[in-house]
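Undergrad: Sequence:
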Amino acid sequence: MLCSPHIVDAVDLWHEHRIPILLSTAFILTFLRFYLRLNDAQSEQQKLGDASKRVKKEGGEAREGFKFWSLFSCLTGSTEKIAKQFAGAFKEALTKAKGEQTTFLPPQVLDLSEVDYDEYFISPPKTEGEEKVDYFYLILLPSFNIDSINDTFLEHLQETHHDFRIDTSPLAPILGYSVFGFGDREGWPTEEEGYCFQAKEVDKWMAKLSGRKRAYPLGMGDWKRDGKERLAEWKSGLVDVLGQIEQNGGLGEGIPGSGDPIESDDEELDDDGEVYDESAEQNGKSKSSGDLGDLEDLGQIMAASGNTGKKSSGPIAVDFTTEGKPKRKAAAPAVIKEMVPKGSPTYNSLTKQGYAIVGSHSGVKICRWTKSALRGRGSCYKYSFYGINSHQCMETTPSLSCSNKCVFCWRHGTNPVGTNWRWVVDPPDLIFNGVKENHYKKIKMMRGVPGVRAERFAEAMRIRHCALSLVGEPIFYPHINEFLGMLHKERISSFLVCNAQHPDQLAALQHVTQLYVSIDASNKESLRRIDRPLHRDFWERFNRCLDILRERRFQQRTVFRLTLVKDFNLEDEVEGYADLVQKGLPCFVEIKGVTYCGTSTSSSAGLTMQNVPFYNEVCDFVVALEKALKKRGLNYGIAAEHAHSCCILLASDRFQKEGKWHTRIDYERFFELLEERGPDGEFTPEEYMGPETPEWATWGRGGFDPRDQRVDRKGRPVEVS
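For the sequence shown, the working numbering assigns the number 16 to the initial residue and increments by one for each residue that follows.
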């Protein structure tokens, strides 16, 4: 086959010029490769330049300042005083050491019993207008061998670390942290015996949560000996570190092990599944410690085993997974603490406030309305609404602990808090006998008070009602049903208040005369602001409790208690509250204005007299809520009021007969039903519905008992027109 002339010409042309073509192609490819390499090098230089600029900005020009959070815990106020003094001295030291490009903002002192842990220890706090401010945590912590806010704080840090929904190091964005612990060497001479043990725990968990950003070593000082000197040294060290951070733009790398939660030789004692670099430790071990070395040593081991004269029935088992690890020491048994031990600051504070502490976690106190009723000066709203004689009412709780830190709580910083029961449990009979005994003692102390009526004093020596609403969370007590049974056996009626944070306990609760649930907000964010719950799933728990109430609305006599706090939950929340009532369908809804207790702890929680609503504001809210419920087809009406308590009652039409409200309770019938059908028996609230609500207690009448005499603040009679 003949080739085309064009092909022959092309082949001849290739043979004639192939050498120049190949050389030209090689030159072009070489040039192109050199050009690309040169561009890559310039790009790398540009990246390095940008990185250096970023580092420079982080260290100086772009940073507006350092923001310091000085957090402390205390029981008696000593640490608070020290924390404030330290903040002032630290501010002065920072002012002297301040660089040209960085501003050290003054430290902000915060009490761990008041702050919302989720705002500070799940992610760094966000401050408006301070996007470029770096945060630094300073924690001053005394160690207590009694239950305190430290236990709750440590529990929160541990739960945050182990919560799979939260990043492993949620506090990694902070600049750094440091902890200083106060202790007492008289009680705990060494660290092994407990000296500053809670500060060490906080330091460990903060290292884990911050991604090992310990800026300065844990400081420790003795209250009675060298506390001030050690604190001053710690402060000086922090100032030096911050100066270095200002220059370098961060903490730097440090040597291997810097920022580790615990010392390397202690890691095996508290292994929580995290893996740290153990190479340095393993390299320093001798062969006598059981280290296999490498595979060549297996021959020596096998030869040595053969010299024993015993034949092996199988292959030698060699564990390659546990080489060189020391044996785990047996964990020391956990010490269960008392919630409020005698002589503790919490015990002393509560007794000073008039509480009688029963056992290790219960309390009883005389209500001011009990004192008022004994003198014939009026009873509380429970008499107007439900027919309970205030002078025969015992206010108590089997659990001084709570799972919330409400802004309007009377016991800020004194009652313990927790998400689960971690204390010694007192038997119910000890609590029952103890609260009765102490209640009667306090009643007897009233016999010499001018104005006490003899007949009411005699009646007061027979308890007829128990309000489980003193403080804390009564349903938290593990044996609450047994305690209720003892009350009912002696024909003492029970009003139990819970905060809608313990749905399992609520579902297991047996019959009570009346069951209250505090509904302090209509939405999740408002509830977080007001109740400041400790549970992370507080809103889910809250809604589960409402579902339980709806299911049991024909078994328990249920009440929603709404505490109105101006500028918190009073404005624009009527529709939200109406939705919650529709969800739970309670028998009654009590709406009450918050009572200001006038303590400094209340103001530190953000509550002042400006947050106390006027009675007319409460009335307007109730009228609006009734209208919102009617709009939803819910038949609730305003049944009663007690103006002196700033309290109004909405009732379901289940408790209305022939146009008349029947909010009172037939207590004798309630006890008969309990005896007939048992504490878990089936009977409805209507079966022990009492007589008609008295005319003087209905809407528009004020609700003051006409048998009594109204007086002003100085005890002078007030004539009611």
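Just so you know, these hints were derived from the structure itself, not from any lab.
A virtual CB, placed ideally from N, CA and C, is assigned to each residue, including glycine.
Check the hints yourself; a few may be wrong.
Pairs of lysine-lysine residues, derived as DSBU-like cross-links and limited to a Cα-Cα distance of at most 30 Å, are as follows [claimed, not checked]:
#1 K386 / K607
#2 K539 / K642
#3 K367 / K456
#4 K607 / K581
#5 K581 / K386
#6 K646 / K598
#7 K106 / K250
#8 K504 / K539
#9 K250 / K99
#10 K675 / K607
#11 K451 / K607
#12 K504 / K598
Computed beta-carbon distance windows for the label pairs [stated by the list, open to error]:
#13 E690 / Q123: 46 to 52 Å
#14 E701 / N538: 31 to 37 Å
#15 R725 / Q123: 44 to 50 Å
#16 D131 / G717: 56 to 62 Å
#17 D594 / P465: 49 to 55 Å
#18 D594 / R383: 31 to 37 Å
#19 D131 / V440: 25 to 31 Å
#20 K99 / G209: 24 to 30 Å
#21 K672 / G648: 55 to 61 Å
Undergrad: Does each hint fit the structure? Answer for all of them.
TA: Evaluated hints:
1. Restraint check for K386 and K607: satisfied, since their Cα atoms lie roughly 21 Å apart, inside the 30 Å limit.
2. Proximity of K539 to K642 is assessed by CA-CA distance (about 23 Å); at most 30 Å being required, the pair is judged to hold.
3. Pair hint K367 plus K456 holds up; C-alpha atoms about 16 Å apart against a cutoff of 30 Å.
4. For the suggested pair K607 and K581, the alpha carbons sit about 12 Å apart, so the restraint of at most 30 Å is met.
5. Proximity of K581 to K386 is assessed by CA-CA distance (about 29 Å); at most 30 Å being required, the pair is judged to hold.
6. With a C-alpha separation of about 15 Å, the suggested pair K646 and K598 falls inside the 30 Å cut-off, and the hint holds.
7. About 10 Å separates the Cα atoms of K106 and K250, which keeps this hinted pair within 30 Å; it holds.
8. Restraint check: the Cα-Cα separation between K504 and K539 comes to about 40 Å, which exceeds 30 Å; the hinted pair is violated.
9. As the CA atoms of K250 and K99 are separated by approximately 13 Å, the hinted pair is consistent with the 30 Å bound.
10. At most 30 Å may separate the alpha-carbon atoms for a hinted pair to count; K675 and K607 meet this at roughly 23 Å.
11. A distance of roughly 29 Å separates the Cα atoms of K451 and K607; the hinted pair therefore holds under the 30 Å criterion.
12. Proposed proximity of K504 and K598 is contradicted: the alpha carbons are some 34 Å apart, above 30 Å.
13. The hinted window of 46 to 52 Å between E690 and Q123 is violated, with their beta carbons roughly 59 Å apart.
14. Hint check: E701 to N538, Cβ distance near 32 Å, so the stated range 31 to 37 Å holds.
15. Checked against the hint of 44 to 50 Å, the pair R725 and Q123 passes, with Cβ atoms roughly 47 Å apart.
16. Judged by the Cβ atoms, the range 56 to 62 Å given for D131 and G717 is violated: they are separated by roughly 39 Å.
17. Against the hinted window of 49 to 55 Å, the Cβ-Cβ separation of D594 and P465 comes to about 50 Å, which satisfies the hint.
18. Between D594 and R383 the beta carbons are some 35 Å apart, a value that agrees with the proposed interval 31 to 37 Å.
19. Distance hint for D131 and V440: a CB-CB separation of about 29 Å, consistent with the stated range 25 to 31 Å.
20. Against the hinted window of 24 to 30 Å, the Cβ-Cβ separation of K99 and G209 comes to about 27 Å, which satisfies the hint.
21. With their beta carbons about 21 Å apart, K672 and G648 fall outside the hinted range of 55 to 61 Å.
In summary, the structure is inconsistent with hints 8, 12, 13, 16, 21 from the numbered list given earlier, while agreeing with the others.
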